[in-house]
Amino acid sequence: MKLTKDIIQKRYSEYDKRIIDFLSNIYEDVKEQNNKINNYFFVTFDLLANQLLLYFRALDAINNDAALSTEDNYKRLAKSPNIAILNHAHQEIMKILDDYGLSPFASAKIKRLNKNDDDESAEELLNSLIN
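Anchor point for the sequence shown: position 118 equals 118 in our numbering, and the numbering is continuous, going up by one each time.
In short, the hints are calculated from the structure, not lab data.
Do not take every clue at face value.
Said to hold, decoys possible - No farther apart than 25 Å at their CA atoms in a straight line, the calculated lysine-lysine pairs in the BS3-like style are these:
#1 31 to 2
#2 95 to 17
#3 36 to 2
#4 5 to 31
#5 5 to 36
#6 79 to 31
Using the sequences and the hints given, assemble the complete structure.
So, in C-alpha cells, the structure goes:
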C-alpha cells in the first residue's frame, strides 16, 4: 500500500482534526522535498500521530483545568502533570521532525549544506577529505 493523502485521511480519521491537518501538511512537505513518499513513512506518521495526540490532549487539559490547579497533600497548588506530558510530547515530536529533516531548523541546515556543496570545487572537496 502506497502512502497518499487520502490514506492519511482514512488511517487517522478517528484522530483530532488538528492532527490530520498537521500530518497532511507534513505529507505535502515530504512529497515536495523528495518527489515521492516511501512506505517507511507509515511508521513515522504513526509515531507523529501518537505524540501529537498526547500533546493536544495535554494542551487541552491545561487550557481547561489550568496549569496550576492540582492541590498536593498540604493543600497547596501544584503544577499539573499535563505540563510534563506536554513537554515530553513536544520533545519527541521535534526529534521525529528533525530526524526526517522536516523541522524549520533541519530544512535550513539541509539548504545550507546543499549550497556549500554547490560552491565547492572538486579540488577543495578532495583537500577537505584528505586533511
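* Structure-inconsistent hints, enumerated in ascending order -> 6
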